[in-house]
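So the chains spell out like this:
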Amino acid sequence: MDIVAIQAELNALEADCLRELEAATDAAQLDAVERKYLGKQGSIKAMLSRLGQLPKEQRAELGKLLNQSSARAEAAAAAARDRVKKGALAAALEDKGFDVTLPGRLPAGVLRPGSLHPLTRVRRELEDLFTSMGYAVLDGPEVELEHYNFDDLNTPPDHPARESQDTFWTTTPGICLRSHTSPVQVRGMRWWRKQGFELPMRAIAPGRVFRNETVDASHEHTFHQLEGIVVGEGISIAHLLHSMKTLLRGVFGRELTVRLRPGFFPFVEPGFELDAQCLHCGGKGCAFCKHSGWVELLPCGLVHPHVIAAGGFDPGKHTGFAFGLGLSRLVCLRHGIDDVRHLLSGDVRVLGSFV
Amino acid sequence: MKIPYSWLGEYVDLRETAPQRVAELLTLRTCEVDAVHHVGGGLEGVKIGHVVECGKHPNADKLSVTKVDVGIGETLQIVCGAPNVAAGQRVAVAVPGSKLPNGMEIGERAMRGVTSRGMICSERELGLGDEHDGILVLESEAEVGKPVASLRSFEDWVIEIDNKSVNHRPDLWGVYGFARELACVLGRELCTLPGADLSKAPAGESFPVVVSDDGRCRRYLAGVLAGVQVGAAPAWMRRRLRLCGARAISNIVDVTNYVMFEIGQPTHAFDRAKLRGGRIDVRTARDGETLVTLDGQTRKLLSSDLVIADGEGATGLAGVMGGAMSEVSEATSEIVLESASFDAATVRRTAARLGLRSEASARFEKSLDPEGADAALSRIVAFVEQGLFGSAARLAAPVTMAGKGRGIRRKVIFTWRGVEERLGLTAEEGRSERASWASILSRLGIVLEPAAAQSAEGEITATIPTYRSTKDLTEPIDLVEEIARLRGYENVVPRPLAAPVLPPPSQGARRALVRRVEDRLAALGFRGLESYSFLPDALIEKLGLSSRSFVTVKNSIVVDQSRVRRAVLPSLLGLVERNLALEPDLRLFEVGKGYLPERPRQDPWVGGQPGEPLEVHSVAGVLARSGPQSDHFDGAIFYEAKGFVGSLLDGLDLRAEFVPLDRLVRPDGTFAAKVPAYLHPKRSMIVGVSHKAPRILGYFGELHPEVAERLGLLGISVAGFELDLDAMEVACGEAGARRFTPIPKFPGITVDVALAAPESVRADELEALVRATDAKLCRSIALFDVYRSAELGAGLRSVAFHVELRSDERTLGDADESSFLKALAGRAEQAGFTLRGWSAK
Ligand SMILES: [Zn+2]
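Chain order of the listed sequences is A and B. At position 32 of the first sequence the residue is numbered 32 (our numbering), and the sequence of numbers has no breaks. Quick note: to get our numbering, add 1000 to the position in the second sequence (first position is 1).
No wet-lab data here; the hints were simulated from the structure. Only a predicted model underlies this, so the values are computations on that prediction, with no experimental measurement involved. There may be inaccurate statements among the hints.
[Claimed, not checked] Derived contacts from chain B toward chain A, CB cut-off under 8 Å, selection only:
| no. | residue |
| --- | --- |
| 1 | Pro1496 |
| 2 | Phe1526 |
| 3 | Pro1613 |
[Said to hold, decoys possible] With a straight-line cut-off of 30 Å between C-alpha atoms, the simulated DSS-like cross-links for lysine-lysine are:
| no. | chain 1 | residue 1 | chain 2 | residue 2 |
| --- | --- | --- | --- | --- |
| 4 | B | Lys1274 | A | Lys290 |
| 5 | A | Lys317 | B | Lys1411 |
| 6 | A | Lys85 | A | Lys36 |
| 7 | B | Lys1164 | B | Lys1200 |
| 8 | A | Lys45 | A | Lys96 |
| 9 | A | Lys317 | B | Lys1002 |
| 10 | A | Lys284 | B | Lys1674 |
| 11 | B | Lys1692 | B | Lys1674 |
| 12 | B | Lys1411 | A | Lys284 |
[Said to hold, decoys possible] Sample of chain A residues lacking proximity to chain B, with all beta carbon distances greater than 12 Å (derived):
| no. | residue |
| --- | --- |
| 13 | Ala28 |
| 14 | Leu48 |
| 15 | Arg112 |
| 16 | Arg123 |
| 17 | Pro183 |
| 18 | Arg187 |
| 19 | Lys290 |
| 20 | Gly336 |
Using N, Cα and C, we set each Cβ at its ideal position, and we do this for glycine too.
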């Protein structure tokens, strides 16, 4: 063989390679072409073995030609690779009528998530709000001694207020289902003193309470309250008002216009009802506020000296304020629940709304 | 309580203060006003008419044709269907062209051929009430031609007070009390209550009264009224009573009611002729004594009741209801008028026991001022002098005044500094206000000593008027309230609470635990709920819990709200059936409380009686599935429950241990722990942990098939669990923070082994056997297959495990695997089992 023939063969191979590279449309085809011409066993590389057939002085020349040829083929291969990649990217972005509106789905084996009860959510939120302000969260029994539910709360036997709260009495004398969370005021004060914690005592007690009354969309025999109490020295109505405004800002996320007016509860003196300007109409009057422009939100007051004494503090020195928040009512307000009986119904259609 | 605005206006000048403003002021300063109703409004076209003639309608039996003078010069011919229309009456006439509050337009029309011009109105047509049986007959002195609205108390506004908000104010149970309150709020004068001078009664013999129980009757006045003519009360008075919600009955009853609504003091009239022995004894009832009350009921009395007795026996229940025997009738000509002060608690107890709550008892039980007895009697006698009991009626003899008590004037000692502190004012701020505070107290009738009290730095003595001394104003804080509310709560400037910056006292362990439990269960697909604490009787029956003791409510208005649950799971089981239709793959949980009455707590603060029942705080869950599913083999739900409980505890960093019930038998045959009767006895387990000490946390299991049948759940997979949060909290403390497992230095090898053993051998026994083969190298053992076949033989099953062997010293090789298998084969053989797919090399 002479160099001319080999050279012609090489040129033909190179031309074939370039044509096939040109024709390749994906990475796999490119791989095959490269393997065929440029791999270790590839036909262009294989030409090297032909060097031995040539006279010594022509070997260098052919070697040079071979290198040039494979360099050109490799460059063409790189260019082809680039072309194919760009083509693939363009194809991936092409509109193939992909329907983004089909519903989302979880892979098999993933559990349907459960849910937390709306009372749990709102209670947690309030607990977090109060603990951030240094309040402790207390708990008290739901089956309660008459003594804590009434006597210690300045409501002695024959007090008319015992009548107005429709209490569930148990067959054991002196034991009832608590009609409010207020018994935790006295239990809490005693605990605080016994532990020797610093004053002012600040505590809340969320929990369920019971009233023996006819139920309707806005009355339940079992519902949830959140009691709050602060006891220390020099606590005043001014402190109470500030704390209540802060609490409402925390709950509603904005400043509410509020007013205090007289309210009667035996265990506070003076006692108040705290009204907020109607959340729906802003005070203009609507069905929600019974056209008064105000909504009753928080019964509150200064802790009665008798209750301070029952809690083991010195009524001559210690004063405080207490308040009660209707948790169930707040939950209904927050989530737009139109019937308070939904809360304890255990109906999955209600629970399922709070995933 | 309903307070007519016009009535208030008789005692305090309200010409510049509209009814709505009165309601607003009361709301902001005194008590809750429920509503203000306008009555008798929109009657501009309704005139006072005089029925001049009244004759039969020529074509209709039930109609009358009248001629009515309405002061326009000519009479109007009006056809009227009311049975009570009669010539001579003063009536309310809607003249042609007028419009009634109900929208009806009055014109001229023919009625059965007779022209009718206008209409004679009933109460209902005037919007005054429901009465529609006949026309409204007005007082005979009403001036013809004037609008009906010009009559006394015809057009009015009724201010409705929430009774609960004045329970603490005995002085506010009548119109006059509210007038006094308004006078104080508005800074206006309060007119004196009209009353006769009782000392000017003619000489004669007073009615004999003995107060035997002078502890419970502090004052008893009895006035004899002679020449009484029983009839009707004046129309204006009847209108006011109607506004207050009372029916007109007779002049005697109406006047006593009127005075009660005005002053708040109930009184009672006896027919003197029916008081046997001509005397009264206010005494304790005798046990077993009976009395027929005004409502005709025979009442059995107890010694806790207070009665008004005549010479022969009880003839009235003091402060609650009179007796039928001494009731005033049309024939009565002489009455004994009782105006007295009875013990509040006695009246309350008797009224409550006999179910006889009346306007009178509601007032007496508020602790009325004994002085009210004098005021009421003198007010009634004034009406008698105006001829309301007939022109001949008069006080016949000096009024009897029995009993040892008069109104008291309580003294309360306070300081201005104390007031300032409660209001949140500095001494300086307070000083500038003291004069106005002193004036507030003085407007309330409170007398301060020293006389120049506003400049006093030390103690001040406040003398309270009798009508606020019975229970209302007793302590310095009560005076603070009076000053604060009349000063105006809108004048309180909020001040931030000052407190040392400290974290809240740690009480958060339970709260944190509950949150972790709730979050974990929600992540595991359980829906959190809150259910009622009451268990319906039918559910108790179905769950087979009838023999358990429950905290039981004795006065529930609904039967199913009587028994308080002992645990939470029963409540959830009661919810499965109706929810399963809505959610076929049901998972519910609740964190809640149950109560065990047989285990009362001892309360260190309340001596002499057991404390509240033991409270159980627990988390319960229920899972249920209806309909066939691919992995729905018999018992699948049990293993799911077990899986969920294990995962729940894992989420709390607790290692759950599940113990079959039969492993908890004590040597004497009793169980160390049990599951409730509503769980399947063979498909339930005790859940425990043993971090520092073994602890039982609770149980789980499949629903008992009989219970399932009774709950309508037969053939449906139901399982439940209940874990005690007290025990979990202790266990979490013992487990401490989860320890980090170091990353192994040397790789381990996994060996799969299968043991063939009799069915009676439990999987955990086989697992223990595998582990015991080389406890040091065995790092984990996981069951992955249970297999039965003919080839294995009847009564046998093969249980397969992945076993991870690993050493901390070296990399394990094939030799370790074969020596482990050889040892295991030996142990298996010893136990009578076979290690399958293995032969000794
Ligand atoms: Zn509104």
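Hints and how they fare:
no., hint, result
1, Pro1496, "holds (5 Å)"
2, Phe1526, "holds (4 Å)"
3, Pro1613, "holds (6 Å)"
4, Lys1274(B) - Lys290(A), "violated (52 Å)"
5, Lys317(A) - Lys1411(B), "holds (22 Å)"
6, Lys85(A) - Lys36(A), "holds (21 Å)"
7, Lys1164(B) - Lys1200(B), "violated (40 Å)"
8, Lys45(A) - Lys96(A), "violated (42 Å)"
9, Lys317(A) - Lys1002(B), "violated (42 Å)"
10, Lys284(A) - Lys1674(B), "violated (62 Å)"
11, Lys1692(B) - Lys1674(B), "holds (23 Å)"
12, Lys1411(B) - Lys284(A), "violated (45 Å)"
13, Ala28, "holds (37 Å)"
14, Leu48, "holds (46 Å)"
15, Arg112, "violated (5 Å)"
16, Arg123, "violated (10 Å)"
17, Pro183, "violated (10 Å)"
18, Arg187, "violated (9 Å)"
19, Lys290, "violated (8 Å)"
20, Gly336, "holds (18 Å)"
Hint violations for this structure: numbers 4, 7, 8, 9, 10, 12, 15, 16, 17, 18 and 19, all remaining hints satisfied.
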